[in-house]
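**Q** Sequence:
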Amino acid sequence: MTAQVTQFAKPGWSFVDSASGYFGGDRANGSFVTLKSPDASAYSTIVETSTASSPQTAHFTLAGGLPTGTVHVWATNL
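Going by this note's numbering, 65 is the number at position 68 of the sequence shown; the sequence numbering is gapless.
I should point out that these hints are in silico values taken from the structure, not numbers from a laboratory.
Worth double-checking, as some hints may not be accurate.
[Stated by the list, open to error] Ranges between beta-carbon positions, derived for each pair: (1) LEU75 - ASP36: 28 to 38 Å; (2) VAL2 - THR54: 18 to 28 Å; (3) VAL2 - ASN26: 16 to 26 Å.
Glycine included, C-beta positions come from ideal geometry on N, C-alpha and C.
Turn these sequences into a full structure, and let the hints guide you.
**A** What follows is the structure, encoded as structure tokens:
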């Protein structure tokens, strides 16, 4: 996941602990982390499911001052 974090966040960005975790509370299902820019004008949520034995569904709700404009999705299939 380090490669994805460095691609979608910049130096100075910080992790949003309340917007990071494991799907279903289980590491085996995959995980997600959210980082935000210092002024909270941008954010990235990075999802990985490489250890999941079945497809995962994710729903995200923006709150806490993060921008709610257009969301861009990038995917990597391993």
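**Q** Where does the structure disagree with the numbered hints, that is, which hint numbers, in rising order?
**A** none
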